Structures are given as structure tokens and as C-alpha cells.
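Visitor: Below are the chains, spelled out letter by letter.
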Amino acid sequence: MAANPMTQFEVYRIGPEIKIGAFDISFTNASLFMVISSMAILIIFNFGSKKNSILPNKIQLLGELSYSFVSKMINDTAGSKAKPYFSFIFSLFMFVLFCNMFGMIPYTFTVTSHIIVTFVLAAFIFIGVTIIGFIKHGFGYLKLFVPSGVPIVLLPLIIIIEIISYLSRPISLSVRLFANMMAGHTMMKVFGGFVVSLGIIGGWLPLSFSVALTGLEILVAFLQAYVFAILTCIYLNDALNLHH
Amino acid sequence: MIKKIFFQFIFFNFFFLKEVFGAESGGMPQLNPEFWISQIFWLTLTFGTLYIILSKLILPKISANLELRKSQIQENIEAAEKQRESSENKQKEYDQIILKTKLKAKDIFRDARDKALKDINSKKEVLDNQIDDEIKKAEKEIELLRKGAPEKINKIAIETSSEIVKKLIGADINNSSLSAIIEDLTKKSGDKYYGS
Chain A
22 MAANPMTQFE VYRIGPEIKI GAFDISFTNA SLFMVISSMA ILIIFNFGSK
72 KNSILPNKIQ LLGELSYSFV SKMINDTAGS KAKPYFSFIF SLFMFVLFCN
122 MFGMIPYTFT VTSHIIVTFV LAAFIFIGVT IIGFIKHGFG YLKLFVPSGV
172 PIVLLPLIII IEIISYLSRP ISLSVRLFAN MMAGHTMMKV FGGFVVSLGI
222 IGGWLPLSFS VALTGLEILV AFLQAYVFAI LTCIYLNDAL NLHH
Chain B
43 MIKKIFFQFI FFNFFFLKEV FGAESGGMPQ LNPEFWISQI FWLTLTFGTL
93 YIILSKLILP KISANLELRK SQIQENIEAA EKQRESSENK QKEYDQIILK
143 TKLKAKDIFR DARDKALKDI NSKKEVLDNQ IDDEIKKAEK EIELLRKGAP
193 EKINKIAIET SSEIVKKLIG ADINNSSLSA IIEDLTKKSG DKYYGS
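As given, the protein sequences belong to chains A and B, one line each in that order.
Each residue of the first sequence is one higher than the one before, starting from 22 at the first, in the numbering used here.
Each residue of the second sequence is one higher than the one before, starting from 43 at the first, in the numbering used here.
Calculated from the structure, these hints are not laboratory results.
Heads up, a few of these hints could be off.
[Claimed, not checked] Straight line, CA to CA, 25 Å or less: simulated PhoX-like cross-link-like pairs of lysine-lysine:
no.: 1; chain 1: A; residue 1: 72; chain 2: B; residue 2: 112
no.: 2; chain 1: B; residue 1: 194; chain 2: B; residue 2: 178
no.: 3; chain 1: A; residue 1: 93; chain 2: A; residue 2: 104
no.: 4; chain 1: B; residue 1: 112; chain 2: A; residue 2: 102
no.: 5; chain 1: B; residue 1: 134; chain 2: B; residue 2: 146
no.: 6; chain 1: A; residue 1: 104; chain 2: A; residue 2: 40
no.: 7; chain 1: B; residue 1: 166; chain 2: B; residue 2: 144
no.: 8; chain 1: A; residue 1: 72; chain 2: B; residue 2: 103
no.: 9; chain 1: A; residue 1: 71; chain 2: B; residue 2: 112
no.: 10; chain 1: A; residue 1: 157; chain 2: A; residue 2: 93
no.: 11; chain 1: B; residue 1: 179; chain 2: B; residue 2: 189
no.: 12; chain 1: A; residue 1: 93; chain 2: A; residue 2: 71
no.: 13; chain 1: B; residue 1: 189; chain 2: B; residue 2: 178
no.: 14; chain 1: B; residue 1: 166; chain 2: B; residue 2: 178
no.: 15; chain 1: A; residue 1: 104; chain 2: A; residue 2: 157
no.: 16; chain 1: B; residue 1: 98; chain 2: A; residue 2: 79
no.: 17; chain 1: B; residue 1: 208; chain 2: A; residue 2: 79
no.: 18; chain 1: A; residue 1: 71; chain 2: B; residue 2: 179
no.: 19; chain 1: B; residue 1: 103; chain 2: A; residue 2: 104
no.: 20; chain 1: B; residue 1: 98; chain 2: A; residue 2: 104
no.: 21; chain 1: B; residue 1: 103; chain 2: A; residue 2: 93
no.: 22; chain 1: B; residue 1: 103; chain 2: A; residue 2: 102
no.: 23; chain 1: B; residue 1: 124; chain 2: B; residue 2: 134
no.: 24; chain 1: B; residue 1: 182; chain 2: A; residue 2: 93
no.: 25; chain 1: B; residue 1: 194; chain 2: B; residue 2: 209
no.: 26; chain 1: B; residue 1: 166; chain 2: B; residue 2: 142
no.: 27; chain 1: A; residue 1: 102; chain 2: B; residue 2: 98
no.: 28; chain 1: B; residue 1: 98; chain 2: A; residue 2: 71
no.: 29; chain 1: A; residue 1: 102; chain 2: A; residue 2: 157
no.: 30; chain 1: B; residue 1: 189; chain 2: B; residue 2: 230
no.: 31; chain 1: A; residue 1: 79; chain 2: B; residue 2: 112
no.: 32; chain 1: B; residue 1: 134; chain 2: B; residue 2: 148
no.: 33; chain 1: B; residue 1: 197; chain 2: B; residue 2: 208
no.: 34; chain 1: B; residue 1: 194; chain 2: A; residue 2: 104
no.: 35; chain 1: B; residue 1: 142; chain 2: B; residue 2: 132
no.: 36; chain 1: B; residue 1: 182; chain 2: B; residue 2: 166
no.: 37; chain 1: B; residue 1: 157; chain 2: B; residue 2: 146
no.: 38; chain 1: A; residue 1: 93; chain 2: B; residue 2: 98
no.: 39; chain 1: B; residue 1: 98; chain 2: A; residue 2: 72
All figures in this text were calculated on a predicted structure; none of them were measured in a lab.
Full structure from sequences and hints, please.
Guide: Laid out in C-alpha cells, this is it:
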């Protein structure tokens with residue numbers, strides 16, 4: 022029975038069990054949708070970059086609009102110094118967006134609804150940004166924790182708060198995406214269950230809710246990918262242009 | 043039949059309701075660490091591949107396409123600007139040519155008019171002279187005629203009077219006495235008939 026709204030998040034093995042040492046790296050349904058999302062991105066952008074006509078066709082326009090969208094986003098939040106990281110943020114945004122969007126198709130698996138996936142991404146960003154910050158500014162990067170114009174008396178407290186907020190960045194970044202995806206999909210499943218249980222008489226209300234939720238979830242899928250990418254840009258901005 | 047199906051619906055709906063709310067939650071599958079390593083591995087693999095292919099192959103191409111389009115559009119705009127300028131220059135040239143030709147045409151017209159006026163004037167003079175000559179000649183002739191007229195008239199008068207007298211009286215009259223009378227008459231009132 023698909024009544025439990027959490028069963029959709031279950032990971033199961035597809036194909037044989039693969040082990041490297043003690044680690045199980047079997048191909049699962051999560052892996053399948055990661056591969057599908059990456060392949061979809063590569064195929065779309067490959068076709069989008071193949072032909073270059075002055076008047077772009079639809080797929081080329083899609084590729085170029087995404088390119089300029091992400092490019093503008095990075096330029097607005099992190100400035101021109103962030104240009105070398107454009108490819109990474111573009112891939113990140115597209116990967117999260119496609120994983121979220123593929124999750125919206127019924128009977129699919131949402132890769133980003135797993136805390137481990139989002140946490141690995143966020144931790145990678147956090148560690149990378151910290152390394153970039155220390156390379157660019159040396160130990161001067163620690164000035165990030167000392168805001169200017171704060172009274173000396175308050176300084177110890179502020180520094181502790183700043184350090185906690187800095188260290189909680191990967192958690193907030195990963196939990197935001199994971200919780201949004203999980204909550205949305207769970208809610209849709211619950212309303213879907215109501216449609217079935219209330220039947221043809223009472224099912225219309227949850228059905229209409231479900232339809233509205235689908236639209237909302239598509240919006241959330243885009244918005245969360247955008248938020249994930251833009252927060253990465255903001256963290257990068259802290260590392261590249263030290264403001265404090 | 044329809045009633046039966048309807049009641050069956052309601053019955054089964056309650057049946058499913060129990061299923062929905064009665065299902066025990068098995069906790070969040072996300073927190074089950076069984077496949078964490080697998081997910082991390084596949085995430086690294088797929089995302090790494092995606093990043094490498096995008097950054098090395100696809101994004102440079104899109105960027106180049108965008109740059110190319112930008113430069114091409116810029117070139118086209120510049121070319122259009124150049125052509126516009128040249129067309130403006132040509133327009134100016136054309137206007138100047140038109141102005142020049144208009145001035146020239148005016149000059150030519152004026153020249154032609156002057157010439158024609160001159161011609162007309164000279165011809166007019168010649169004609170005037172001719173006409174004056176003719177008038178003078180005619181006046182002279184008239185003068186001559188006028189001078190000769192009284193004598194002739196006198197002669198005719200003498201002849202006709204002598205004829206008339208002859209017919210009336212039947213006798214010849216001396217011509218000299220007649221002429222004396224007529225001459226006397228003409229002197230008296232000749233001015234009345236012939237003018238001066």
C-alpha cells in the first residue's frame with residue numbers, strides 16, 4: 022500500500038550490490054535520478070550550444086537565457102571576481118533545479134529530498150568557500166567574524182554569534198532545500214491519499230488542493246534551486262570581497 | 043445497480059480512510075544511513091561529471107556564441123551607421139547638385155531673356171526706323187500731292203466750267219477770262235477746300 026506518505030522517499034537498490042571495501046555503493050533509484058538529471062542537463066545544453074545562429078532557435082534560446090540568468094545572478098551578488106566559479110554555480114543551480122523538477126513527475130524519486138545529498142553539496146560549498154577565503158585573505162579572513170563599528174564590550178558575544186552563524190551555514194543551506202522538498206512531496210502525497218479515501222463524493226476538495234499544490238511545488242522547486250545558488254553566491258561574495 | 047455501486051464507494055472509502063490514517067509511520071527514510079555512502083558516491087560521480095562536461099565543453103561554447111552574436115550585431119550596427127552616413131553624404135551631394143543646376147538654369151534663362159530682349163529691341167529699332175522712313179516718304183508724297191492738287195483742280199475747274207458754259211450758252215468763252223475768275227475764287231476760298 023502506498024498509503025504511507027514517506028514511502029516515496031525510500032531508497033532501494035537497482036541491480037546488483039556493489040561494494041568497495043566496506044562501503045555499499047550500489048546503484049539505487051536515487052543514483053538513477055541523479056544520472057537522469059545530469060544527462061538531461063547535458064543533452065539540453067549540448068543541443069543549446071551546438072548551432073549558433075543569429076536568430077536562436079528555442080533550445081538555443083533556453084541555453085543562452087539560462088546562461089545569462091545565472092551569469093547575471095552571480096554578477097549581482099558576488100561581483101566580477103566570482104567569474105571563475107561561474108561553471109560551478111551554473112552546474113549546481115541546474116543540478117538542483119533538474120533534480121527538483123524531475124521529482125515533480127509522478128512515480129519519480131526526488132534526489133534533493135534527502136538530507137545526505139543536500140548536506141554533501143552544502144558541505145562542499147562551505148569547505149570550498151572557506152578555503153577560497155583563506156587563500157584570498159590569509160588569516161585576514163578571520164576578520165569576517167569581527168564586524169566593524171561594534172562596541173568593545175559586545176565584541177566577544179558578537180564574535181561567538183558570528184562564528185556560530187558561519188558554522189551553521191552548511192546546515193541551514195542543506196536543511197532548507199531538503200525540508201522544502203520533503204514537506205512539499207509529503208503534503209502532496211497526503212492530499213493524494215485524501216482524494217482516494219474520500220472518493221468521488223468528498224474527493225474533489227483535496228483533489229483541487231492537490232492540483233494547486235502541484236503548481237506551488239513547481240514554484241518551490243525553482244525557488245529552492247535559485248535560493249541554493251544565490252546563497253552560494255553570497256557565501257562566495259563573503260570570501261572574495263571581505264566587507265566586515 | 044447504480045445505488046449498489048454508490049454504497050460500495052462509500053463503504054470502500056471508509057475502508058481506505060482507515061488505511062490512510064492507520065498506517066504506521068516508519069520514520070524518515072532519509073535518516074536511514076543504509077544508502078548514504080552510495081548516495082554520496084553517486085552524487086560526486088554525477089555532479090562531478092556534469093561539472094566537468096559543462097565547464098570544459100558546453101559553457102565555453104554558449105559563451106562564445108553569445109560573444110559572437112554580440113560582436114556580429116555590433117558590426118551590423120556599425121555597418122548600418124556607415125551606410126547611413128554615406129547615404130546622408132550622397133543626399134547632401136545630390137542637394138548641392140540640384141542647387142547648382144537650379145542656379146545654372148536661372149543664369150541660362152536670364153541670359154536667354156536678355157538676348158531675346160536685345161534682339162527684340164534691335165529689331166524694333168530697325169522696324170521703327172523703317173516705319174519712320176516710310177512715314178516720312180508718305181508724308182513727302184502727300185505734301186507733293188497736296189501742293190500739286192490746287193493747280194490740277196483749277197485746270198479741271200476751268201475745263202468743266204468752259205464745257206458747262208458752252209453747253210448752256212452755246213458759245214465759246216475765252217479760257218483766259220475763265221481762268222482769271224477761277225483763280226480769283228481759289229485765292230478767296232481755296233483754303234476752305236484744300237487746307238493749308
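Visitor: Please go over all the hints and tell whether each is borne out by the structure.
Guide: Hints and how they fare:
1. Taking the CA atoms of residue 72 (chain A) and residue 112 (chain B), the gap is about 16 Å. The hint holds against a cut of 25 Å.
2. At most 25 Å may separate the alpha-carbon atoms for a hinted pair to count; residue 194 (chain B) and residue 178 (chain B) meet this at roughly 24 Å.
3. For the hint pairing residue 93 (chain A) with residue 104 (chain A), the CA-to-CA distance comes to about 11 Å; that is within 25 Å, so the pair holds.
4. Between residue 112 (chain B) and residue 102 (chain A) the alpha-carbon distance is near 22 Å, which keeps this suggested pair within the 25 Å criterion.
5. Among the hinted pairs, residue 134 (chain B) with residue 146 (chain B) is consistent with the structure: their alpha-carbon atoms are about 18 Å apart, no more than 25 Å.
6. With a C-alpha separation of about 39 Å, the suggested pair residue 104 (chain A) and residue 40 (chain A) falls outside the 25 Å cut-off, and the hint is violated.
7. For the hint pairing residue 166 (chain B) with residue 144 (chain B), the CA-to-CA distance comes to about 32 Å; that exceeds 25 Å, so the pair is violated.
8. Between residue 72 (chain A) and residue 103 (chain B) the CA atoms are separated by roughly 10 Å; this keeps the pair inside 25 Å, and the hint holds.
9. For the hint linking residue 71 (chain A) to residue 112 (chain B), the alpha-carbon distance of about 17 Å falls within 25 Å, and the restraint holds.
10. About 23 Å separates the Cα atoms of residue 157 (chain A) and residue 93 (chain A), which keeps this hinted pair within 25 Å; it holds.
11. Of the pairs offered as hints, the one joining residue 179 (chain B) and residue 189 (chain B) holds, with about 15 Å between alpha carbons and a cut-off of 25 Å not exceeded.
12. For the proposed pair residue 93 (chain A) and residue 71 (chain A), the alpha carbon gap of about 23 Å is at most 25 Å, so the pair holds.
13. At most 25 Å may separate the alpha-carbon atoms for a hinted pair to count; residue 189 (chain B) and residue 178 (chain B) meet this at roughly 16 Å.
14. The straight-line distance between the Cα atoms of residue 166 (chain B) and residue 178 (chain B) is roughly 18 Å, inside the 25 Å bound, and the hint therefore holds.
15. For the given pair, residue 104 (chain A) sits about 15 Å from residue 157 (chain A) by alpha-carbon distance, which is consistent with the 25 Å threshold.
16. Among the hinted pairs, residue 98 (chain B) with residue 79 (chain A) is consistent with the structure: their alpha-carbon atoms are about 23 Å apart, no more than 25 Å.
17. Distance hint between residue 208 (chain B) and residue 79 (chain A) is unfulfilled; the C-alpha atoms sit about 141 Å from each other, more than 25 Å.
18. Of the pairs offered as hints, the one joining residue 71 (chain A) and residue 179 (chain B) is violated, with about 110 Å between alpha carbons and a cut-off of 25 Å exceeded.
19. At most 25 Å may separate the alpha-carbon atoms for a hinted pair to count; residue 103 (chain B) and residue 104 (chain A) meet this at roughly 16 Å.
20. Restraint check: the Cα-Cα separation between residue 98 (chain B) and residue 104 (chain A) comes to about 15 Å, which is no more than 25 Å; the hinted pair holds.
21. For the hint pairing residue 103 (chain B) with residue 93 (chain A), the CA-to-CA distance comes to about 18 Å; that is within 25 Å, so the pair holds.
22. With a C-alpha separation of about 21 Å, the suggested pair residue 103 (chain B) and residue 102 (chain A) falls inside the 25 Å cut-off, and the hint holds.
23. Straight-line distance between C-alpha atoms of residue 124 (chain B) and residue 134 (chain B) comes to about 15 Å, which keeps the hinted pair within the 25 Å bound.
24. Of the pairs offered as hints, the one joining residue 182 (chain B) and residue 93 (chain A) is violated, with about 115 Å between alpha carbons and a cut-off of 25 Å exceeded.
25. This hinted pair checks out: residue 194 (chain B) and residue 209 (chain B) have alpha carbons roughly 22 Å apart, not beyond 25 Å.
26. As the CA atoms of residue 166 (chain B) and residue 142 (chain B) are separated by approximately 35 Å, the hinted pair breaks the 25 Å bound.
27. The straight-line distance between the Cα atoms of residue 102 (chain A) and residue 98 (chain B) is roughly 20 Å, inside the 25 Å bound, and the hint therefore holds.
28. Proposed proximity of residue 98 (chain B) and residue 71 (chain A) is supported: the alpha carbons are some 14 Å apart, at most 25 Å.
29. With a C-alpha separation of about 11 Å, the suggested pairing of residue 102 (chain A) with residue 157 (chain A) holds against the 25 Å cut-off.
30. Taking the CA atoms of residue 189 (chain B) and residue 230 (chain B), the gap is about 17 Å. The hint holds against a cut of 25 Å.
31. Distance hint between residue 79 (chain A) and residue 112 (chain B) is fulfilled; the C-alpha atoms sit about 18 Å from each other, no more than 25 Å.
32. With a CA separation close to 21 Å, the supplied pair residue 134 (chain B) and residue 148 (chain B) stays within the 25 Å bound.
33. Straight-line distance between C-alpha atoms of residue 197 (chain B) and residue 208 (chain B) comes to about 16 Å, which keeps the hinted pair within the 25 Å bound.
34. The straight-line distance between the Cα atoms of residue 194 (chain B) and residue 104 (chain A) is roughly 136 Å, outside the 25 Å bound, and the hint therefore fails.
35. Only pairs whose Cα atoms come within 25 Å are accepted, and residue 142 (chain B) paired with residue 132 (chain B) is accepted, the gap being roughly 15 Å.
36. As the CA atoms of residue 182 (chain B) and residue 166 (chain B) are separated by approximately 24 Å, the hinted pair is consistent with the 25 Å bound.
37. The straight-line distance between the Cα atoms of residue 157 (chain B) and residue 146 (chain B) is roughly 16 Å, inside the 25 Å bound, and the hint therefore holds.
38. Proximity of residue 93 (chain A) to residue 98 (chain B) is assessed by CA-CA distance (about 20 Å); at most 25 Å being required, the pair is judged to hold.
39. Distance hint between residue 98 (chain B) and residue 72 (chain A) is fulfilled; the C-alpha atoms sit about 17 Å from each other, no more than 25 Å.
In summary, the structure is inconsistent with hints 6, 7, 17, 18, 24, 26, 34 from the numbered list given earlier, while agreeing with the others.
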